[in-house]
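Q: Residues per chain are reported as follows:
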Amino acid sequence: MHHPYLPVLLIIVLGGLFAGVFLLASSLIGPKKGTKSKLSPYECGLKPVGNARERLDVKFSLVAMLFILFDIETVFLFPWAVLYRDFIKSGLGLFMAIEMGIFLFILAVGLVYVWRKKALDWR
Amino acid sequence: MGIIIAKILIPFLIIVNLIPLLIWVERKGSAYIQDRRGPNRASFFGIRLGGLLHALADVIKLITKEDIIPSQVNKPFFILAPFITLTIACVTYAVIPFADPLIIDGKLFPLQAANLNVGILYILSMSSLGVFGVMLAGWSSNNKYALLGGLRSSAQMFSYEISMGLSLMSVVMIGGSLELTTIINQQSHFPWQWNFLKQPLACLLFIVATFAETNRNPFDLPEGESEIVAGYHTEYSSMKFAMFFMAEYAHIIIASALISCLFFGGWQFPFLSTHFLREQAGEGIFILLLAHAFLFVLIGIFLLSKFSKGKYGDKRDYEVLVIGVPFTLLGLGLGFTALFIGTGDYGVMGRQIFAALMQFGALMTKILFFCWLFIWVRWTLPRFRYDQLMHLGWKVMIPLSLANIFITGVVLLFL
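Just so you know, the sequences run in chain order X and D.
Okay, so the first sequence: first residue is 143 according to the working numbering, each after it adds one.
Okay, so the second sequence: first residue is 1153 according to the working numbering, each after it adds one.
Take these hints with a grain of salt, some might be off.
[Claimed, not checked] In silico SDA-like links for lysine to any residue, alpha-carbon gap of 20 Å or less:
1. X:Lys175 - D:Glu1218
2. X:Lys174 - D:Glu1218
3. D:Lys1213 - D:Gln1338
4. D:Lys1213 - X:Trp264
5. X:Lys178 - D:Asn1294
6. X:Lys260 - D:Lys1350
7. D:Lys1217 - X:Ser179
8. D:Lys1227 - X:Ser179
9. X:Lys231 - D:Gln1338
10. X:Lys259 - D:Lys1547
11. X:Lys175 - D:Ile1220
12. D:Lys1350 - D:Lys1213
13. D:Lys1180 - D:Ile1475
14. D:Lys1217 - X:Pro173
15. D:Lys1547 - X:Pro173
16. X:Lys175 - D:Leu1214
17. X:Lys180 - D:Ile1475
18. X:Lys180 - D:Ile1220
[As the list claims (entries may be wrong)] Partial list, derived from the structure: chain D residues whose beta carbon lies under 7 Å from chain X:
19. Ala1266
20. Val1270
21. Leu1303
[Claimed, not checked] Under 10 Å between C-beta atoms, here's a sample of chain D residues computed to sit facing chain X:
22. Lys1217
23. Ile1221
24. Phe1310
25. Val1323
26. Gly1328
27. Met1501
Worth flagging that the hints you see were computed from the coordinates, not collected in a lab.
In this text, a Cβ means the ideal position worked out from N, Cα and C, and glycines have one as well.
Construct the complete structure from the given sequences, taking the supplied hints into account.
A: Okay, structure coming up:
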């Protein structure tokens, strides 16, 4: 019996080959006649003004941080969700429901806090 | 080893071959939604095949186009981005089961590429990796439109990933497992026991979240062409652009497969259980062959009736014959085969394979329906504004999915 993750590894290799063949084919077959204006950044036909890598809106990094917070809490919910029915069968259902109710309540309080602080408003 | 490779390759080839077909459906469908004819020019010796040849022509065109790598880009990441995007899009299908497990010598033989017991977590993790390709593409292009598109896309995917995970939670609570096979088995073959009726809110939230995750309209802000040219793939040309395009359609197919597996019974054939399909395999094959024969002959005769020699005055007149004659002959052949073999017995293995094929057909029907839903929505709804998108993701979908988990927990407790 093979390792259960062996097919996943093979699929990643297969997907990589599939994508790699396309990359290789287009770089081999296509013509290469780069001119200066062809190789300049695209700005609707105008001469590019400044660099693209300037300062960004802080909103984006705020979203990323909020994502990490809430996504980790999602991950914490998964084990409970899988075992919830088993707990109900073994009579621990109410206890687990209250426990998770407290967890969800804290999560909701966090969401309300972020909401009230206007971190979710996109100007 | 051979079996593993077959189990990997067959669904992979199906997905890869569905991509050009979906592009054709998208172009043709959008054309008919907008009251025009759509692609109908590419021809093979004067035979056009209803625009299907455009997919082939596009591939040849894109491969032979110049692969422009602009001078200001970060070259390794610029090349890596489409590679990552397409690879990740091809990897997610691994845990999707295509039919009820076969029983060979008393052992279960699951019909899915990788039989993981963390199926849903695998899908969530792999689909979240897709952000990297988009982010890398946007950043490495060193172009303002591309950077804005990449940022928009990553913020959007992050926001909707949370509600995607939370909406799946209630399905996991009902199914009590992360394995897709268990979740599908628990939904049973009666449509009124499928999860979209037990969890209508979670189903709706999940479908909306997958639309956002695949960057499709109404959430296609990352490539909103009226605002930021083409978003994160502005600087990409030739096959690299096509790779982003293919990855988008691969994501659509996998998202449709997930929606059908989690909420619409997956491979469950409506009203017919696996046991019934295996028991009645002989009659089933007979009826199936006859039905297909009837359908094919009907299509063939309809096409043949359209034949008139003077319509165009060139080879295009014979297009209907090129498709119509094989269809009629195939239909007649299937019909005679059905009458010839009748309702025979096919042994244990034959019955199981028949049941598996029927269930695979049911799954494919559901997948194609949801693929069409993606296309339909794209050409019907306008695009969101960015603040509306964020508002929907954070202030509507996350509270709703949290409430859904809470309600599901309480209902399960007192049921």
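Q: Hold the hint about Val1323 (chain D) up to the distance rule: shortest CB distance to chain X must be less than 10 Å.
A: Status holds, d = 9 Å.
Q: Tell me if the interface restraint on Lys1217 (chain D) is satisfied: Cβ within less than 10 Å of some Cβ in chain X.
A: Interface hint status for Lys1217 (chain D): holds (6 Å vs cutoff 10 Å).
Q: Keeping to a limit of 20 Å between CA atoms, is the pair of Lys1180 (chain D) and Ile1475 (chain D) held or broken?
A: holds (18 Å)
Q: Is Lys180 (chain X) within 20 Å of Ile1475 (chain D), Cα to Cα?
A: Given pair Lys180 (chain X), Ile1475 (chain D) is violated - Cα atoms ~44 Å apart, limit 20 Å.
Q: Run the distance test for Lys1350 (chain D) versus Lys1213 (chain D): straight-line Cα separation, threshold 20 Å.
A: violated (48 Å)
Q: Starting from Lys180 (chain X), check that the Cα of Ile1220 (chain D) is at most 20 Å away, please.
A: holds (8 Å)
Q: Take the C-alpha atoms of Lys1213 (chain D) and Trp264 (chain X), compute the straight-line distance between them, and say whether it is at most 20 Å.
A: Roughly 42 Å between the alpha carbons, so the hint for Lys1213 (chain D) and Trp264 (chain X) is violated.
Q: Would you mind confirming whether the straight-line C-alpha gap from Lys178 (chain X) to Asn1294 (chain D) stays at or under 20 Å?
A: Within the cut-off at roughly 16 Å; holds.
Q: For Lys260 (chain X) and Lys1350 (chain D), compute the direct alpha-carbon distance and say whether it is at most 20 Å.
A: violated (35 Å)
Q: Against chain X, run the beta carbon of Ile1221 (chain D) and see if the smallest gap drops under 10 Å.
A: With Cβ-Cβ at 8 Å, under 10 Å, it holds.
Q: Can we keep the Met1501 (chain D) interface hint, with Cβ of chain X closer than 10 Å?
A: Constraint on Met1501 (chain D) not satisfied, violated at 22 Å.
Q: Report holds or violated for the interface hint on Phe1310 (chain D), using the least CB-CB distance to chain X and a cut-off of 10 Å.
A: Since the shortest Cβ distance to chain X is 4 Å, the answer is holds.
Hint check: violations occur at hints 3, 4, 6, 12, 15, 17, 20, 27; the rest are consistent with the structure.
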